[in-house]
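*Asks:* Each chain, written out:
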Amino acid sequence: MTVAVNPTQTGEPLFYLADEHPHPEGYSTSLGFWIYLMSDCLIFAMLFAAFGVLGANYAAGPAPKDLFDLDLVAVNTSMLLLSSITYGFAMLAMQQNKIGQTQIWLAITGLFGAAFIGIELTEFAHMIHEGATPQRSAFLSAFFTLVGTHGLHVSCGLIWLVTLMVQVGKFGLIEANRRRLMCLSMFWHFLDVVWIGVFTFVYLLGVLR
Amino acid sequence: MNTDTHAAHAGDHHHDDGHAHSTFSGYMLGFVLSVVLTAIPFWLVMSGALPSKQITALVIMAFAVVQIVVHMVYFLHMNAKSENGWTMMALIFTIVMVVIALSGSLWVMSHLNSNMMPIHQMSGMK
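Listed in order, the protein sequences are those of chains C and Y. The numbering of the first sequence is our numbering, which starts it at 116 and goes up by one. The numbering of the second sequence is our numbering, which starts it at 112 and goes up by one.
Bound-form chain C, shown alone (with noise of 0.2 Å):
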């Protein structure tokens, strides 16, 4: 779209569009939800800034490397990335039309998806039996807004997932669905983007300390 400055019959300059036209139903989706992720970015990077700033404050408590367990981060991280690469297979089924395909594509992507919360969660409820609660010190407030962010975010994806998977059974891979499918695969594999920051800077680089 181009915004020109369009000169008037009385030579005067017009700074808006003389004429706007309609657009199609969706015409800006994809755009606008691509800024909307990129306003979640900043909002992780706010997070990694306080846990930069803040991970290495212990007040004593429990460190990195008494708490994570990295064969269970690689093991969400491979969930992840596997629930990533189901969607993108979803994806292809789409783009051939195949409703069924896609519906099983998607509902691996969402057990995958839950394989990830479910140890996510059981990650957690370690941490906190052990004493390693939010409130324990800087490290742990800063870690558990970080990674629970994240965590949020997986499980919105999961509802929208069933969510698109009813429309879809009810309605066929109509334009809507289609588009609102295509959203949801941004918002999929932005959230799989943010995890390797987290994997890297919060886990990997946790224990390295």
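No wet-lab data here; the hints were simulated from the structure. Built from N, CA and C at the ideal position, the CB exists for glycine as well. Do not rely on the hints blindly, as some may be mistaken.
[What the hints assert, rightly or not] What follows is a list of derived Cβ distance ranges for each label pair: (1) C:T278 to Y:M172: 29 to 39 Å; (2) C:E135 to Y:G215: 33 to 43 Å; (3) C:M161 to Y:Q165: 23 to 33 Å; (4) Y:P162 to C:K213: 50 to 60 Å; (5) C:H244 to Y:V147: 29 to 39 Å; (6) C:K213 to Y:N224: 49 to 59 Å; (7) C:Y142 to Y:P162: 54 to 64 Å; (8) Y:G215 to C:T260: 12 to 22 Å; (9) Y:M139 to C:C271: 24 to 34 Å; (10) C:K180 to Y:N190: 38 to 48 Å; (11) Y:L161 to C:E140: 51 to 61 Å.
[What the hints assert, rightly or not] Partial pick of chain C residues on the chain Y-facing surface, computed with a CB cut under 10 Å: (12) S143; (13) L197; (14) S300; (15) W303; (16) Y318; (17) L323.
[Said to hold, decoys possible] Part of the chain C face toward chain Y, derived, beta carbon under 8 Å: (18) C156; (19) I158; (20) A160; (21) M161; (22) L207.
Given the coordinates of chain C, work out where chain Y should sit on it, guided by the hints.
*Replies:* Quick look at chain Y alone, frame taken from chain C:
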């Protein structure tokens, strides 16, 4: 004539839809690269293969950056052309903001930390 340009516009948009270009091989290549780029940092930290912790930290951060780019290209289908370049513009703006926020916070707070420390020592020396 007006309707013609609009139709062409809509056609262009549909072509730019990002996911229109996704292919099986693209996803698989991204997946395999991601697995490799995830496995190596985990292995480096768990086995302690590199001599110093600082080198390991730098290497795994480099792997993270590469993997983020891989995800952006193969999973999120980022390119300079989608939405007439506006997604790329938003991304570049966000990266600039993130770099300023992260490096600024860490820099300022570490200076505060190191400048606050000597006070304790000096009060002890009195």
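*Asks:* Against each hint, give a clear statement of whether it holds in the structure.
*Replies:* Hints, verified against the model:
Checked against the hint of 29 to 39 Å, the pair C:T278 and Y:M172 passes, with Cβ atoms roughly 37 Å apart. The supplied range of 33 to 43 Å is met by C:E135 and Y:G215, whose beta-carbon atoms lie about 40 Å from each other. Roughly 26 Å separates the CB atoms of C:M161 and Y:Q165, a value that falls within the hinted 23 to 33 Å. Our hint of 50 to 60 Å for Y:P162 and C:K213 holds, since their Cβ atoms are close to 52 Å apart.
Between C:H244 and Y:V147, the C-beta spacing of about 35 Å keeps the proposed range 29 to 39 Å intact. With their beta carbons about 57 Å apart, C:K213 and Y:N224 fall inside the hinted range of 49 to 59 Å. In this structure, C:Y142 and Y:P162 meet the distance hint of 54 to 64 Å, their C-beta atoms being roughly 56 Å apart. For the hinted restraint 12 to 22 Å between Y:G215 and C:T260, the CB-CB distance of approximately 19 Å keeps it satisfied.
Taking 24 to 34 Å as the suggested C-beta distance range, the pair Y:M139 and C:C271 conforms, at roughly 28 Å. Our hint of 38 to 48 Å for C:K180 and Y:N190 holds, since their Cβ atoms are close to 41 Å apart. At roughly 54 Å, the beta carbons of Y:L161 and C:E140 sit within the given window of 51 to 61 Å. The beta carbon of C:S143 comes within 9 Å of a beta carbon in chain Y, closer than 10 Å, and the hint placing it at the interface holds.
A distance limit of 10 Å between C-beta atoms decides the matter here; for C:L197 the minimum to chain Y is near 8 Å, and the interface restraint holds. The closest approach between the C-beta of C:S300 and any C-beta of chain Y is roughly 7 Å, which is under the 10 Å cut-off, so the hint is satisfied. Because the smallest distance between the Cβ of C:W303 and any Cβ of chain Y comes to about 9 Å, under 10 Å, the interface hint for this residue holds. Because the beta carbon of C:Y318 sits about 9 Å from the nearest beta carbon in chain Y, less than 10 Å, this interface hint is met.
With a cut of 10 Å, the hint placing C:L323 at the interface with chain Y holds, because the nearest CB-to-CB distance is about 5 Å. With its C-beta approaching chain Y no nearer than about 5 Å, C:C156 sits inside the 8 Å limit, and its interface hint holds. Below 8 Å, beta-carbon pairs count as interface contacts, and C:I158 has none with chain Y, the closest being about 11 Å; its hint is therefore violated. Using the Cβ-Cβ criterion of 8 Å, the hint placing C:A160 at the interface with chain Y is satisfied: the shortest such distance is roughly 4 Å.
Given the 8 Å rule on beta carbons, the hint for C:M161 holds: about 6 Å separates it from the nearest Cβ of chain Y. Hint status for C:L207 relative to chain Y: holds, with the closest Cβ pair at about 6 Å, below 8 Å.
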